[in-house]
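Work the whole structure out from these sequences, hints included.
As a plain string of letters, each chain reads:
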Amino acid sequence: MDKDIKSIEVRDLVKKFGDFTAVNDISFHVFKGEIFGFLGANGAGKTTAMRILCGQSHPTSGEGSVAGFSIVNEQEKIKKHIGYMSQKFSLYPDLKVWENIELFGGIYGLSDKQIAEKTESMLKALDMEKAKDMYVSDIPLGWKQKLAFSIAMVHDPEIVFLDEPTGGVDPVTRRSFWELIYKAASTGVTVFVTTHYMDEAEYCDRVSVMVDGRIEALGSPAELKGRYEAKDMDEVFTKIAGRR
Amino acid sequence: MKEIFAFIQKAFRHIFRDRRTTLIVLVMPIVQIILFGFAISTEVHNAVVDVVGDPGDPVVRNIIDRIDNNKYLSIGEFHNSPSEAEVRIRKGKAKAFLCFESDFDKKFSSQGKAVIQIVSDGSDPNSAQIVMNYIKGVLQSSQVEFSERMFGVGTTSMRPNVQLMYNPAMNSSYNFVPGVMGLILMLICSMMTAVSIVEEKEMGTMELVLVSPVKPFWIILSKLIPYLFLSLINFVSVLLLAHYVMEVPIRGSLTLLSFSALIFVGSSLGLGLLVSVISKTQQTAMLLCGMGLTMPTMLLSGIIFPCESMPVALQVLSDFIPAKWFIIIVKKIMIQGVGLQEIAKELTVLSGMAVFLLWVSVKNFKTRL
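Just so you know, the sequences run in chain order A and B. Here the first sequence stands for residues 1 to 244, where the numbers follow the numbering used here. Here the second sequence stands for residues 1 to 369, where the numbers follow the numbering used here.
Bear in mind the hints are in silico, worked out from the structure with no lab data behind them. Misleading hints may appear alongside valid ones.
Stated by the list, open to error - 30 Å max Cα-Cα, derived DSSO-like pairs, lysine-lysine: (1) A/Lys16 to A/Lys113; (2) B/Lys215 to B/Lys363; (3) B/Lys201 to A/Lys132; (4) B/Lys363 to A/Lys16; (5) B/Lys215 to A/Lys80; (6) B/Lys215 to A/Lys144; (7) A/Lys80 to B/Lys91; (8) A/Lys183 to A/Lys96; (9) A/Lys96 to A/Lys32; (10) A/Lys16 to B/Lys215; (11) B/Lys2 to B/Lys345; (12) A/Lys96 to A/Lys80; (13) A/Lys96 to B/Lys2; (14) A/Lys6 to A/Lys77; (15) B/Lys2 to A/Lys144; (16) B/Lys201 to A/Lys16; (17) A/Lys6 to B/Lys363; (18) A/Lys80 to B/Lys2; (19) A/Lys144 to B/Lys280; (20) A/Lys77 to B/Lys363; (21) A/Lys32 to A/Lys183; (22) A/Lys124 to A/Lys96; (23) A/Lys144 to A/Lys130; (24) B/Lys91 to A/Lys96; (25) A/Lys77 to A/Lys144; (26) A/Lys77 to B/Lys2; (27) B/Lys136 to B/Lys91; (28) A/Lys113 to A/Lys80; (29) A/Lys80 to A/Lys144; (30) B/Lys280 to A/Lys124; (31) A/Lys144 to B/Lys363; (32) A/Lys80 to B/Lys136; (33) A/Lys225 to A/Lys3; (34) A/Lys239 to A/Lys225; (35) A/Lys113 to A/Lys32; (36) B/Lys113 to B/Lys136; (37) A/Lys130 to B/Lys2; (38) A/Lys183 to A/Lys3; (39) A/Lys80 to B/Lys363.
This is the structure in structure tokens:
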């Protein structure tokens, strides 16, 4: 983690849909190479906030920057410099493994040569060389998620957004998925992750907990556990989110 | 540009990987043309006409021979009473029967007046009407001939000389081929496009694609191009089949026809996009395309029922169906052989619809996702 550089910085961010305030005046920052956990109950405003950070939605008010570009008027530039992996598994199941890599390499403007190199190195790193010609629908869920993560990183983004990346897999597979995340963070990639699994929250450098559109708590897992006198993040979350 | 190419390549992979769908899409038009062209025919061939009366009577004999020689009619059995003939109609063995007055020849030559009754099977009003008309035609021409023989030429008699322009043989395929062409192009372009886009929404891959730096407009375009290509194949196969198997002429310019088809495909793609913007699930998209687009097109575009005979409200409604205009254009170019000037109005309306539909759907595409 490099505490001199802020990859994401948000000040007084508000997003309203009609009368409903989905994101209510939040401010925070994420350092370069940090693993930042973005927690909150369903409907707390996580997804809305994340969409704004990914350049998919305009904030109602407030300002901020992602990878050095403004979230208000430089959304197209943001899109080029971030990676994104969605909560729903998001590769094309009827395309082969290498075709998926080729597609997303193409979408992010890589040359044919770069795509070929990426395909080789990625499959080697994932130990999936044999699966190159398999359809994505035929490979195990754990592999799919690792592949989706690697593909989200195909264009070497500065920040990668993970929206509930490990839904539906067992703890062992989740653990090995997090090894990928650590590896990425160690090379200076900022990881912004939402999750419902509190054991995953423990792996983050810092976490924020959103309740009703506001950030109620922000700090390292150890700090939060101390502040709320809880034995684990599960208890912290229940105390914050269940308080209202 | 590379980004777009990657997308288009992917869309083609989707289509051809799903072999069953591809096969359906490519074979369906052929089956439809054959079905409409051969099976669903409104023409009447060799309708059986029974006779009640005296077959030995010379005038009766003459009329019966004329009917039997008509290529659309043939004489079945002779009966002594109408009730016997009715049994034959009830059994479906005969389409109609003629009832000649007794002493037909004598009354006809002495009094100049004799009665024939035509009874036909009204449970199928369409073909009953057609059979009646054929019989009436035969009777009329024999009457003219008889009166000429009896009173000499020059007596006042009207002799209609009927000619059907463009389609002298009354081939119903002249009507169905343009109709089916419109229907198929619309079905492929709108339904396939809508379903494939909604499928991506359902899978969540659309979200992933929209996070990427590729502009939504290009995403839409890359989704449309493969279906444009498929409909091109369909257009060619329908045209070949129509021309060489159904023997429908292509009297006008092929270039103009293809250009009009392209405009029509544009409007159908627009409809498909619009459906995909509205629907959240593939089922909704299918239902909307099936019930909301295909059914009205079948019923209101003039494929089966002529627009002119509809109530005014439905006629107005039918004006909003792109297929109606396309079918008119196809008929005019293929069968009448007219040029750009004669189809200018229809083509303008169609182009307007295409531009409007594409504009509205592209504009709403991202915001509604």
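Q. Hint by hint, which ones does the structure fall short of?
A. 1, 7, 9, 11, 17, 24, 30, 31 and 32
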